[in-house]
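Number of protein chains: 2
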Amino acid sequence: MEEVRLALMGFGNVGRALAQMIIDKRAAVYSKYGKRLVVTAIATGSHGNLYNPKGIDLKQALQHYEKGFNEDDDADWTEDSADTLVYCGEYDVLVELSPLNIRTGQPAANRIKQALKMKKSAVSANKGPVAWYYSDLAAMAQARGGKFYFESTVMDGTPIFNLRDNCLKLCDVTQIEGILNSTTNFILKALEEGKTWEQALEEGRALGMVEADPSMDIDGWDAAAKICVLSNVLMNAGIDPGKVSVQGIRGITKEQLDAAKAEGKTIKLMCRAEKDVFGRVTAVVAPEEVPADSLYADIGGASSVVSLTTDLMGKLTIVENDPTIIQTAYGVFQDILRLFS
Amino acid sequence: MEEVRLALMGFGNVGRALAQMIIDKRAAVYSKYGKRLVVTAIATGSHGNLYNPKGIDLKQALQHYEKGFNEDDDADWTEDSADTLVYCGEYDVLVELSPLNIRTGQPAANRIKQALKMKKSAVSANKGPVAWYYSDLAAMAQARGGKFYFESTVMDGTPIFNLRDNCLKLCDVTQIEGILNSTTNFILKALEEGKTWEQALEEGRALGMVEADPSMDIDGWDAAAKICVLSNVLMNAGIDPGKVSVQGIRGITKEQLDAAKAEGKTIKLMCRAEKDVFGRVTAVVAPEEVPADSLYADIGGASSVVSLTTDLMGKLTIVENDPTIIQTAYGVFQDILRLFS
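Protein chains in written order, with our numbering: chain A, 27 to 367; chain B, 27 to 367.
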């Protein structure tokens, strides 16, 4: 029996859903792949950290998380920081689930780099490191023999990167387009129904569709990070979010939506990337009027869509229908499975 | 350098597109995977057969195909039958591209079985063997150590089976739905535009969208074979086309299409399969009225779509947009690559 030891950087909604999935699927993973998944480190923003090289009791960690880990109640409590755990902890796979810093990709990127340097593997649900440092991190992984996967950075567990690697072999991706941010879908729909911006945001917050500070979504930066990740990984673009032309949906009015509708169209925040014959990639995020009878017009709610145009497999479109946090956790889980199967 | 020797059973449109792809990508395959693709046998229905254990000249085979292979012009011409080549030829991978026999899956199924028995691998673009004998063939492959892939039996090279194996690990597929036959899409559209059945068929034949004998498509048997393949492979259904409830589009009128339209709907030939809690699978092919603002309503022309509902990854939808013969050939090519990468 071989153990695969995981260090979780972050234990928010995704981290806890992942922990539950590891508990639920432990037997299936062992029976199918002969591996035992063990979590040796959990680092949180403000709930304390846990460390046990023999394996943390995940059920207890899930129970204790809300009130915070502490020395008295948690045998595995540690005063070591997240960085210390990354540098000195015993683990095989760094699982990066910390919140996105869109301006720098840090501190997640440095932690992943450190883990890869030590010949470990890394899995990231945080798109910052991939948007900013993909080529460095991929090169580091290759040089040291570790793996670096990040499926859930775009459309949760929907296979895109794994799809390219395993199902689109020798295909050249020349064009990417899609609707990658569902918060803007939700807001545009609400505006179309006659709600004010304030009502739309309030309702979205109540449903968990809109963040407390929605500017990352509304101003297009979340979408920009995603098209950047797609461009870098699928087209070797070598760009960062600062090189994406970004226009968000802030200020779009019901009048504009109605005018589009009158012409049989609807407004969506589209992401596009295109590679020219010299291999140069242009990436754009902007609101667009799309025909009401196009597939893109039907993408609503929490759903998202991406189309890849390739030389050998033509144009493939993949839709993720109304995902929950489970699908994000599955993306990370699947990346972990991919390391050894 | 290691050779991978292919025996092509069938050299129609798909076989010839595959041969061209092998020529075009030979260097890329060698540089990426260190393998040299060699075709040692080509069997055709009525254009003669070629065999050369050192490798057939594919360019010449493509040039000579139209007039038929013969003893005088083709050094590799052989009087051996397809079956003899399967039993006695030197090859590593049997590539089954012969026409579908929906009632029996033969002779393709027996040829694949024979190849697998001899510990070779098999790749099939012919859905008959998979619709009728999937579990036998899969068991034979596993017992003897060969592989059996058949991506292009459903939606050409669009990754479905490879996707499940590599990108949806440990996911349980509980429901499948889709539009898997594009000929019916084309005919329904033409009828909606006011064309008669006769005009629709004639126009479709001119565009290569409708077969000389269109009954397999119109009566739903092509779709039935496909949902059968999906059910057997993704849900262990253990069914054959005779167990699918099949209703085609024959007899559908413009009046019915108009009535649907008046209610904001459109008629599509839908395929559905569902697994109940006991693991029993029910598969149905029938025309359905789908809402005009649903994604399915937007699938027209040669496009097709499938949605997989899973426990861990929710509902994923994959659309193949206006494929050509290249995408079918790529499905076979990708299966071949999958054998050694």
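Take these hints with a grain of salt, some might be off.
Same chains, same names: a pair is fine if it fits in one copy or spans any two.
[To be verified] No more than 27 Å apart at the CA atoms, straight line, and that leaves these computed lysine-lysine pairs for BS3-like:
#, residue 1, residue 2
1, Lys143, Lys58
2, Lys85, Lys61
3, Lys51, Lys341
4, Lys291, Lys215
5, Lys145, Lys341
6, Lys291, Lys80
7, Lys287, Lys301
8, Lys291, Lys143
9, Lys280, Lys215
10, Lys145, Lys301
11, Lys61, Lys269
12, Lys51, Lys301
13, Lys85, Lys58
14, Lys287, Lys139
15, Lys58, Lys301
16, Lys145, Lys80
17, Lys80, Lys173
No lab work stands behind these hints, which were simulated from the structure alone.
Against the structure, the hints:
1. Lys143 / Lys58: between (30 Å within a copy, 26 Å between copies)
2. Lys85 / Lys61: Within one copy, since 20 Å is at most 27 Å while 48 Å is not.
3. Lys51 / Lys341: This pair counts as between: shortest inter-copy Cα distance 20 Å, intra-copy 35 Å.
4. Lys291 / Lys215: both (13 Å within a copy, 22 Å between copies)
5. Lys145 / Lys341: neither (37 Å within a copy, 36 Å between copies)
6. Lys291 / Lys80: neither (58 Å within a copy, 59 Å between copies)
7. Lys287 / Lys301: neither (32 Å within a copy, 40 Å between copies)
8. Lys291 / Lys143: neither (50 Å within a copy, 57 Å between copies)
9. Lys280 / Lys215: Within one copy, since 10 Å is at most 27 Å while 34 Å is not.
10. Lys145 / Lys301: Neither: 33 Å inside a copy, 43 Å across copies.
11. Lys61 / Lys269: Answer is neither: 42 Å inside a copy and 39 Å across each miss the 27 Å cutoff.
12. Lys51 / Lys301: between (40 Å within a copy, 21 Å between copies)
13. Lys85 / Lys58: Only inside one copy: Lys85 and Lys58 sit 23 Å apart there, 45 Å across copies, limit 27 Å.
14. Lys287 / Lys139: neither (48 Å within a copy, 57 Å between copies)
15. Lys58 / Lys301: Between copies only: 22 Å across, 40 Å inside.
16. Lys145 / Lys80: within (20 Å within a copy, 43 Å between copies)
17. Lys80 / Lys173: The answer is within: 23 Å in one copy meets 27 Å, while 39 Å across copies does not.
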